[in-house]
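With chain A fixed as given, assemble chain B onto it according to the hints.
What follows is each chain in one-letter form.
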Amino acid sequence: MRKMLLAVLSRVLQSPAAAAAGGKTASRVMVASRNYADFANEATFEIKKCDLHRLEEGPSTTTVMTREEGLQYYKTMQTIRRMELKSDQLYKQKIIRGFCHLYDGQEACCVGLEAAIKPTDHVITAYRAHGFTYTRGVPVREILAELTGRKGGCAKGKGGSMHMYTKNFYGGNGIVGAQVPLGAGVALACKYFGKNEICLTLYGDGAANQGQIFETYNMAALWKLPCIFICENNRYGMGTSVERAAASTEYYRRGDFIPGLRVDGMDVLCVREAGKFAAEYCRSGKGPIVMELQTYRYHGHSMSDPGISYRTREEIQEVRSKSDPITLLKDRMVNNNLASIEELKDIDVAVRKEIEEAAQFATTDPEPPLEELCNHIYFNEPPFEVRGANQWTRYKSAS
Amino acid sequence: MAAATALRQLAPLGARLTRIPPHGRAAGRLLQQQQRRGLRLSAPAAIQVTVRDALNQALDEELERDERVFLLGEEVAQYDGAYKISRGLWKKYGDKRVIDTPISEMGFAGIAVGAAMAGLRPVCEFMTFNFSMQAIDQVINSAAKTCYMSAGLIGVPIVFRGPNGAAAGVAAQHSQCFAAWYGHCPGLKVVSPWSSEDAKGLLKAAIRDDNPVVMLENELLYGVPFELSEQAQSKDFVIPIGKAKIEREGTHITLVSHSRLVGHCLEAASVLAKEGVECEVINMRTIRPMDIEAVEASIVKTNHLITVEGGWPQFGVGAEICARIMEGPAFNYLDAPAVRVTGTDVPMPYAKILEDSSTPQVKDIIFAVKKVLNI
Chain A
1 MRKMLLAVLS RVLQSPAAAA AGGKTASRVM VASRNYADFA NEATFEIKKC DLHRLEEGPS
61 TTTVMTREEG LQYYKTMQTI RRMELKSDQL YKQKIIRGFC HLYDGQEACC VGLEAAIKPT
121 DHVITAYRAH GFTYTRGVPV REILAELTGR KGGCAKGKGG SMHMYTKNFY GGNGIVGAQV
181 PLGAGVALAC KYFGKNEICL TLYGDGAANQ GQIFETYNMA ALWKLPCIFI CENNRYGMGT
241 SVERAAASTE YYRRGDFIPG LRVDGMDVLC VREAGKFAAE YCRSGKGPIV MELQTYRYHG
301 HSMSDPGISY RTREEIQEVR SKSDPITLLK DRMVNNNLAS IEELKDIDVA VRKEIEEAAQ
361 FATTDPEPPL EELCNHIYFN EPPFEVRGAN QWTRYKSAS
Chain B
1001 MAAATALRQL APLGARLTRI PPHGRAAGRL LQQQQRRGLR LSAPAAIQVT VRDALNQALD
1061 EELERDERVF LLGEEVAQYD GAYKISRGLW KKYGDKRVID TPISEMGFAG IAVGAAMAGL
1121 RPVCEFMTFN FSMQAIDQVI NSAAKTCYMS AGLIGVPIVF RGPNGAAAGV AAQHSQCFAA
1181 WYGHCPGLKV VSPWSSEDAK GLLKAAIRDD NPVVMLENEL LYGVPFELSE QAQSKDFVIP
1241 IGKAKIEREG THITLVSHSR LVGHCLEAAS VLAKEGVECE VINMRTIRPM DIEAVEASIV
1301 KTNHLITVEG GWPQFGVGAE ICARIMEGPA FNYLDAPAVR VTGTDVPMPY AKILEDSSTP
1361 QVKDIIFAVK KVLNI
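Chains as they are written, first to last, in our numbering: chain A, 1 to 399; chain B, 1001 to 1375.
If you're looking for bench data, these hints aren't it; they were derived computationally from the structure.
Every residue, glycine too, gets a C-beta built ideally from N, C-alpha and C.
Keep in mind that a hint or two might mislead.
[As the list claims (entries may be wrong)] Derived list of chain B stretches under chain A, where covered just means 3 residues or more per stretch with a C-beta under 8 Å from a C-beta of chain A: (1) 1097-1111; (2) 1135-1141; (3) 1145-1151.
This is chain A alone, in the form it adopts within the complex (with noise of 0.2 Å):
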């Protein structure tokens, strides 16, 4: 039926010259320069409540996804998806070296979370970071370059996987959670400056019982540090499960005297929504919040792991056929007239073929030159000498 419909409406298309020339009725013309009219621009969901610790009212459980919104998170969600997948291609085929931790099936987190806040808020975010890095404004051509280690990287080769920055986006962090710390500081900033700004600060299942985490939450609570504290729980870090790693799994209870929730990490619109409630709780000065996103990992911790010796093939192919984030996404905009299979597809096309560009450069830009070694040791310093292998290998340092 959609199908004779849509016939319908490319011929008229394909004929506004004619239309005009033949003096046809301006109704005619109107529906000609209405693409896909028969879209609604906008769906009521249902999502679901979130647990909530020290709250209480929770985000709602209904929230609106506009056509162009629900377009965008797909788009945004695939191009990670397909980005960390050409990285795990480009791994194998050793083009990128040393640590590689993708992010593909937690999409939905950190497109949802940028959806909620605005580009002047701040995130910081441990290694598993490529989805972070682009949504936060980073070109896949250049994430895919950094990883490669190419002078167009986004940190000029000299990062890596685990070391990627933009405007208000600190990383991309090795140490499992010195970025909590780190992100607390960056809320202090915010208070400091006045500018309503707040910070997001991600860390893992695994960093979750760092004890600097504890420290760091003390210190948010009593100054009141505009710090929404997120645990991204795959269920793992690395090879052990939660249920061997934590006393206490409620991850989004271990705030103590922080209130938390705890939120659907596959469903974009949940994450947005908790993001939402989160960020106006902060921006209330009424101090941190803990949010918990149950997410999983299709890849194993990174790809030196294939995932599968802690955890069966059953359980991540369960996950992938019923809480795949972006068919999740897909199903609700077709089944709510928001778009059609065929319009997501060519989405789908348009997103591999600029994977493949960004591909194509990550692997033919050229290494870093050899004087780029030993820049950027400092911030805004005059050059000075740097001393190589042995004492008569001399580089020079520019900032």
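Leaving out everything else, chain B in the frame of chain A:
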């Protein structure tokens, strides 16, 4: 008033000064008068200032100068500082600029680094650098390396400061010197002041520097008064990081040191001068980047080198100086192997007689000089 009192207590120095300068409103009126007349009637005077007061002045001046500067640490605010370095600052600047932290070194050091990444200029105090070991990951992996890892996108303008090295009778866990530890890492700057002038100038320079600076003070120096020249009293007085100072010129041997032991070297030098040995004493002031050129130039003159430090010998500051001298042009000017005087290679004991043998004494320096010069 404090300056005048201090001056009166120091007879020989007091005799050198022509006039005790007026203070307060009187000084302001005099200055206005002089400015109107286009001349200064009195020679501006040097004053005696303890290292503690010099640090306090530096903090006060920098807090006033730049709104982004703030101080955090244990007991820095309402207690006036565990060693009273931040006395009066909380009262003057309030909760926003001077922050008491809980006993959470790793946490508050990380918070300070994050604040620096986001545009503030924190001064993070460790009650002693022994406790910085709890937070050393934040100092090295978060502060020191971030500018490099981000290819210059994110700077970390932070100062970590506090007492370092041996105090008196505080035993093993509270007496370690971290100069070699922090001096090891690219991305950090490490300074180690001796005099009040060093303390004030280096702290101001450190706060104004856009890079992470570790400032290793010494608790035993806090109460020691030094002369602060008129130039050093200025609100814009900074000492360049990375430049050593020749505290005493000499011709027979070079003594290179940092922090408290510079004083020991000067004492040894005055004892040796009576025997006709003239020591050149260099105060390193900065551990990283090290001013090895100053040491080289001195060796060209004296042909003999002794490094003096409070820290342990293995992989210490002295070891680095000797290695660099060997690798450089000054090696050819050495008439004897370079020698290190260091702390004893043992955890610091408590009993005084043992403690005295665990850290270099003046007699140890004199002994080494005589060995090197074969006298």
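Verify the coverage statement for the segment 1145-1151 of chain B against chain A, using a C-beta to C-beta distance below 8 Å and requiring 3 or more qualifying residues.
holds (count 6)
Count residues of the segment 1135-1141 of chain B with a Cβ under 8 Å from any Cβ of chain A, then say if the count reaches three.
It holds: at least three residues are needed, and the segment 1135-1141 of chain B offers 3 whose Cβ sits within less than 8 Å of chain A.
Taking beta carbons only, do three or more residues of the segment 1097-1111 of chain B come closer than 8 Å to chain A?
holds (count 10)
Consistency note: the structure conflicts with none of the earlier hints.
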